[in-house]
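Engineer: Starting from the given sequences, assemble the full structure and let the hints guide the process.
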Amino acid sequence: MALLDQWRRPWRRLGIAGLALAVAVNALLTPAYAQVNGRHAVLVVDANTGRVIHKSSADDLRYPASLAKLMTLYLVFELIEQGRLNYGTRIRFSANAVAAQPSKLDVEEGTEISLLDAIKALVTKSCNDVAVAVAEHIAGSEQRFAQMMTQKARQLGMRSTRFENASGLPDPGQVTTARDMVTLALRLQDDFPRHYPLFATRTFTYNGETYRNHNTMLFSYEGSDGLKTGYTRASGFNLVTSVRRGRKHVVGAVFGGATASQRNAAMRTYLNIGLLKASNVKTRQPAPRLVAQTKAPSPVIAAPAPQPAQRAVRQASQPVVEIARVRPVLVPG
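The sequence shown: position 263 = 263 (our numbering), numbered continuously.
Because the hints were derived from the structure by calculation, they are not lab data. Fair warning: this is a prediction, and the values are worked out from it, not measured in the lab. Incorrect hints may have been included.
Said to hold, decoys possible - Pairs of lysine to aspartate or glutamate, EDC-like flavour, derived with a Cα cap of 20 Å:
| no. | residue 1 | residue 2 |
| --- | --- | --- |
| 1 | 282 | 225 |
| 2 | 277 | 191 |
| 3 | 282 | 191 |
| 4 | 248 | 222 |
| 5 | 248 | 190 |
| 6 | 282 | 190 |
| 7 | 248 | 225 |
To be verified - Now the in silico label distances, taken between C-beta atoms and shown as ranges:
| no. | residue 1 | residue 2 | range |
| --- | --- | --- | --- |
| 8 | 246 | 102 | 20 to 28 Å |
| 9 | 173 | 280 | 37 to 45 Å |
| 10 | 157 | 282 | 18 to 26 Å |
| 11 | 87 | 207 | 13 to 21 Å |
| 12 | 155 | 86 | 36 to 44 Å |
Ideal placement from N, C-alpha and C gives every residue a C-beta, glycine not left out.
Structural biologist: Set out below in structure tokens:
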């Protein structure tokens with residue numbers, strides 16, 4: 001028996017060592033998965049086929065933070081394509097716009113900038129005052145514009161999203177999901193190929209000052225071609241991004257990072273997995289562009305109506321991620 005025990009002992013040690021090695025390798029390959037634990041909401045999609053490669057809490061309601069600006073930009077691009085706006089359109093800042101909380105361009109009331117500069121300010125510095133000014137220019141008030149945003153979300157199939165403002169500043173009624181934001185990202189790419197490259201803008205210079213894009217994936221992850229970051233204390237650090245390598249194309253959303261760097265690390269892991277599994281062959285057909293009239297208020301491209309100054313919202317240095325506790329808005333059928 002002693003001889004048998006001596007024979008078994010090294011194999012037992014090898015088995016334990018092998019198990020430890022497997023656990024270590026798995027941890028190295030998938031560090032982000034260990035971080036989810038109900039905190040992250042994630043969706044990664046093969047944009048060539050539409051296949052979901054990875055999902056975790058993808059339909060949980062979360063606060064979008066500045067990801068709301070993706071819909072603001074969708075409506076801007078749509079109006080440009082309709083001929084109602086152009087890159088040279090002048091956007092004026094009202095008292096309400098300049099009162100928006102940071103991040104902001106921080107201009108004076110009455111300042112005018114081109115729509116192209118406004119787009120770049122939204123994409124790079126995520127300027128809340130610019131978002132308000134654009135909303136007021138298009139719809140007359142930010143509240144009216146938010147109604148347009150929500151109605152467009154329904155048209156695009158974003159079943160659980162509701163917008164309350166153009167910037168993504170905290171509002172308990174403003175909610176979305178990782179799935180809905182990936183849907184919006186794909187529609188921005190499909191519907192506006194002429195304008196989508198603006199999301200890859202790395203720097204924006206205004207009035208002698210240069211601003212670097214908050215989406216550092218553009219600088220650090222090969223093939224990244226844009227989209228948007230977002231942060232509030234309640235949402236944590238959010239990111240929607242798109243990556244193209246060779247003939248592969250992956251789009252992902254991550255909500256609820258503890259820090260920007262932790263969020264980016266998680267996103268890199270999910271994208272790495274996505275690129276390994278993604279197809280080289282494009283079979284997904286873009287959805288048809290929407291032309292039907294909706295119940296949302298029609299854009300008026302009017303002078304902004306007077307609005308009360310927005311209340312300051314205190315931001316904590318560390319996020320406390322909350323899952324939005326409201327019922328999702330669903331479309332019948």
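Engineer: State for each hint whether it applies.
Structural biologist: Hint check results:
With a CA separation close to 18 Å, the supplied pair residue 282 and residue 225 stays within the 20 Å bound. In summary, the hint linking residue 277 to residue 191 is not supported, as the alpha carbons are separated by about 25 Å, beyond the 20 Å threshold. A distance of roughly 16 Å separates the Cα atoms of residue 282 and residue 191; the hinted pair therefore holds under the 20 Å criterion. A distance of roughly 12 Å separates the Cα atoms of residue 248 and residue 222; the hinted pair therefore holds under the 20 Å criterion.
Under the criterion of a C-alpha separation no larger than 20 Å, the hint pairing residue 248 with residue 190 is consistent with the structure, at around 16 Å. A threshold of 20 Å between alpha carbons decides the hint, and for residue 282 with residue 190 the separation of about 13 Å falls inside it, so the pair holds. For the hint linking residue 248 to residue 225, the alpha-carbon distance of about 13 Å falls within 20 Å, and the restraint holds. In this structure, residue 246 and residue 102 break the distance hint of 20 to 28 Å, their C-beta atoms being roughly 39 Å apart.
Restraint check, residue 173 to residue 280: a C-beta distance of roughly 42 Å satisfies the suggested window 37 to 45 Å. With their beta carbons about 20 Å apart, residue 157 and residue 282 fall inside the hinted range of 18 to 26 Å. Taking the beta carbon of each, residue 87 and residue 207 are about 18 Å apart, inside 13 to 21 Å as hinted. Checking the proposed 36 to 44 Å range against residue 155 and residue 86 shows it is violated: the Cβ atoms sit about 23 Å from each other.
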